[in-house]
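K.L.:
Letter by letter, the chains look like this.
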Amino acid sequence: MKKISLIVALLLVSHIYSQKTNQSSTLYVTPQVGLLNGDHAVSAQVVLSGGMKTRTWSYGIGAGVDYYKIRSAPLFIELKKDLGKKETPLFAYLQLGANIAWPLSSDYRENVYSSWFGNTSTRFQSGMYRELGIGYTGWYTKKKGIWISLGYSTKTMAEFYDEVIYPDFPPYDRVTKTERKLAYTFNRLVLKIGCRL
Amino acid sequence: MPVMKNTCFVLLLLSMFTLSCTKDKVDEQYTFFRPVYATRETVKANIKSSAPELLQNPGKLVIKDNILYLNDLDKGIHVIDISHPAQLQQLAFIHIPGCIDMAINGNFLYADCYTDLEVLDITNPLQITVKQDLPGIFPHRFYNNFMADTTKVIRQWVRVDTVVSHRFSETVNYSPRKEWMLFSASSAAMTTTGAGLGIAGSMARFAQLNQRLYTVSSDDLKVFNVTREDKPSYVKSVDLQNGNIETIFPYTDKLFIGSQTGMFIYDAANPDQPVKLGQFMHNRSCDPVIADGPYAYVTLRSGSFCGGVSNQLDVIDIKQLTSPQLVKSYSLSAPAGLAKDGKLLLICDGKEGLKIMDATHPAAITLLGRIPGIDTYDVIALNGTALVVAKDGVYTIDYTNPAQPRILDRMLKTENK
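In the order they appear, the protein sequences are chains Y and B. Counting the first sequence from 1 gives a position; this note's numbering is that position plus 180. Counting the second sequence from 1 gives a position; this note's numbering is that position plus 171.
Okay, chain Y solo, but in the shape it has when bound:
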């Protein structure tokens, strides 16, 4: 799924790029700070993206740090479209890419599972990142501007445990080893503020 999404995004970018190459374009860099509101949790992310802007389309790449529930580093391709035929304050955007797991020590569920006889190790696997939203640009000139946006973001990742099942009766030490996978999908609303440099 992750690979398919990336391929689709790349095709889309190349398609748009091929259509717009004859138009004048400018480079942009946009630092962004986001407030993430999800399932009984509020957190934040910091993202930097940059790329090329044509008349109504922007396309680029970005990366950041996302602290929602389990820390990760999204790495994505970005598409932005000004709504309307000419440049307008309103825009829609899409970010699509990989969500690199970068857990804090407190993010591991190891502490939940470990017991006095200690029996587990845990590891994370990266997943997918996607965000879709709309925004409004105020105070903008042709090249610069400050904007706010509201989006819907999803990041996925997985955590694995080596699990050992012990018998409750003697002999106790014949065990069954299995693996437990926790596949996380975090859906959040993202309120962002950013500036186009």
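There is no bait here: all hints are sound.
With a cut-off of at most 27 Å between alpha-carbon atoms, the simulated DSSO-like pairs for lysine-lysine come out as follows:
| id | chain 1 | residue 1 | chain 2 | residue 2 |
| --- | --- | --- | --- | --- |
| 1 | Y | Lys357 | B | Lys562 |
| 2 | B | Lys323 | B | Lys407 |
| 3 | Y | Lys361 | B | Lys196 |
| 4 | B | Lys522 | Y | Lys357 |
| 5 | Y | Lys357 | B | Lys196 |
These are computed hints drawn from the structure, not numbers from a lab. Remember, predicted model here, so these are calculated numbers, not experimental data.
Go by the hints and put chain B onto chain Y.
P.N.:
Same frame as chain Y, now just chain B:
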């Protein structure tokens, strides 16, 4: 105007979509074991000699008259001819669901079937039949909060891989899985204290002494009068006052009981009323025990449900039964079952294999030889031939030359064939 209309529409759609979908989701993929039940009648009717079957989970073993009775954990008993140690021959298989422990008295084999004690007539190993059934003798087994349907018998456990979904904020349901288990067993040292009795191992939970059958569960010792071999009668249960009991080993008129926290010595001079004499406490770990002369030998093994960090052999002076004293500890890898044959001490040291040690001087035990490459669990030593239960099957090992022991034959479990 059309732009504004479209924008409003998109905004409305987006807000509706996003506001309703901010729940987290955790797809939890794990494995558990589900019991497959059978009626008691079906199970009991099937306890008899049937065609040999492949080993699955080799467990405890008992030997009588060149016949090895090898438990297949929770499944039954393999009947194996060991007249020729270099050529093991399977004779039959007895289906006994829930069987972990065994003992032999004369021509009768006592085996557990979950909560029941079965008495089998083994006069002819090819025509073994149930002689008596003592229901409800042993406590129900608990599987980490899963309580089995006690009106039926668990015939087997089926491995199930599953996925359940829940929210991130909901605690992962680790140990109290509703249907899970389990398991496994293994066994044997050198437990024989009378004519006609089978030889069992150090991991055994059944022991015989003075025409009594003693069985230990987690916290009690049950006494059966087996004066009539074919009709054991329940006498009483003795509260051991310590939980996590693992093994029992009879020696002279004493019972050596191994627990996760220590070794307990009971005096069985009055066979119906064992009385605690002394104890030797140690770090928490799994610990089978055997005794020979004035010394007891205890192996401590960590890294399992028993916990602890010790992997060693403790030699204990039991001249004063009321106050056993540690003679010396020897560092080992992951010791489990052990057996004594004269001056030789045979120890199953986990993945380091079977170790044959010179125990002439208990304070200076030395390694003589080793069979590496097998994950050993328990051993019976029979005048130069060791019957060893390992993770992958059962082995016969010649140790007449202790410095160079050699494998005579092996019977491997299904997946290792």
